[in-house]
Amino acid sequence: SQQGEEDPQALSIQEGENATMNCSYKTSINNLQWYRQNSGRGLVHLILIRSNEREKHSGRLRVTLDTSKKSSSLLITASRAADTASYFCATAFTGGGNKLTFGTGTQLKVEL
Amino acid sequence: EAGVTQSPTHLIKTRGQQATLRCSPISGHTSVYWYQQALGLGLQFLLWYDEGEERNRGNFPPRFSGRQFPNYSSELNVNALELEDSALYLCASNGLNLWSYTFGSGTRLTVV
Chain A
81 SQQGEEDPQA
91 LSIQEGENAT
101 MNCSYKTSIN
111 NLQWYRQNSG
121 RGLVHLILIR
131 SNEREKHSGR
141 LRVTLDTSKK
151 SSSLLITASR
161 AADTASYFCA
171 TAFTGGGNKL
181 TFGTGTQLKV
191 EL
Chain B
12 EAGVTQSPTH
22 LIKTRGQQAT
32 LRCSPISGHT
42 SVYWYQQALG
52 LGLQFLLWYD
62 EGEERNRGNF
72 PPRFSGRQFP
82 NYSSELNVNA
92 LELEDSALYL
102 CASNGLNLWS
112 YTFGSGTRLT
122 VV
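Note that the protein sequences, when read in sequence, are chains A and B. In this text, residue positions in the first sequence follow our numbering: the first is 81, and each later residue adds one. In this text, residue positions in the second sequence follow our numbering: the first is 12, and each later residue adds one.
Keep in mind that the hints are not guaranteed to be accurate.
Claimed, not checked - What follows is a list of derived Cβ distance ranges for each label pair: (1) 147/A <-> 28/B: 26 to 36 Å; (2) 20/B <-> 148/A: 42 to 52 Å; (3) 139/A <-> 107/B: 38 to 48 Å; (4) 62/B <-> 158/A: 20 to 30 Å.
As the list claims (entries may be wrong) - So the derived list for chain A, only partly shown, Cβ under 10 Å to chain B, looks like this: (5) 93; (6) 117; (7) 170.
I should point out that these hints are in silico values taken from the structure, not numbers from a laboratory. Small disclaimer: the values here were computed from a predicted structure and weren't measured. Using N, Cα and C, we set each Cβ at its ideal position, and we do this for glycine too.
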């Protein structure tokens with residue numbers, strides 16, 4: 081299976097703290113994307129990082145990519161209760177037929 | 012601009028029946044992707060349609076099939092339903108920007 085792994089599977093933090101989740105994958109990639117899913121509904125695209133990039137920022141989000149280790153991390157700074165959701169990484173690789181291959185997800189709970 | 016719309020939101024079927032799920036992509040998007048998210052599992056790629064043709068298929072049995080219409084909307088058909096087909100089925104679309112996917116809110120299929 082090409083599916084990646086994410087850790088931790090679940091993360092519980094207090095509002096205002098930072099949340100870090102990690103993703104590992106198995107193949108060479110074209111890019112890696114992070115998505116958020118609220119309450120088992122649709123996915124919302126957060127950020128895309130290309131294979132030749134090492135770090136990317138978007139608002140309170142910071143993504144890193146280490147292609148030598150086939151891993152990525154998503155950092156959410158100053159978390160809010162509204163950040164409570166499941167977060168998935170997804171990879172796209174050359175020859176993959178345009179499909180995204182998703183990781184297993186991290187369930188983040190931000191408590192007041 | 013309307014997003015990706017899926018119908019119905021919920022669907023309850025009996026084992027052995029057929030289910031039909033529908034997806035309308037964002038206007039201008041020609042590609043439609045289907046994913047299955049079973050409880051406790053990550054998203055599994057099902058099918059990719061582009062310009063009316065099936066371009067790629069995931070590791071699912073032939074009873075999962077679909078089509079794409081001239082207006083780029085798509086149908087996913089699941090025949091001979093089994094209990095393990097119970098899942099959230101997500102549709103996504105993209106256009107010229109191959110790596111930019113927009114997901115719908117999904118159809119939750121329950122097989123009893």
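Quick rundown of the hints versus the structure:
1. 147/A <-> 28/B: 26 to 36 Å: violated, 46 Å
2. 20/B <-> 148/A: 42 to 52 Å: holds, 43 Å
3. 139/A <-> 107/B: 38 to 48 Å: Given a distance of about 26 Å, which is not inside 38 to 48 Å, the answer is violated.
4. 62/B <-> 158/A: 20 to 30 Å: Violated, since residue 62/B and residue 158/A (Cβ atoms, about 44 Å apart) do not stay within the stated range.
5. 93: At about 22 Å, which exceeds the 10 Å cut-off, the nearest Cβ of chain B leaves the hint on residue 93/A violated.
6. 117: holds, 8 Å
7. 170: Since chain B brings a Cβ to about 8 Å from residue 170/A, closer than 10 Å, the hint holds.
Hints 1, 3, 4 and 5, counting from the list given before, are not met by this structure.
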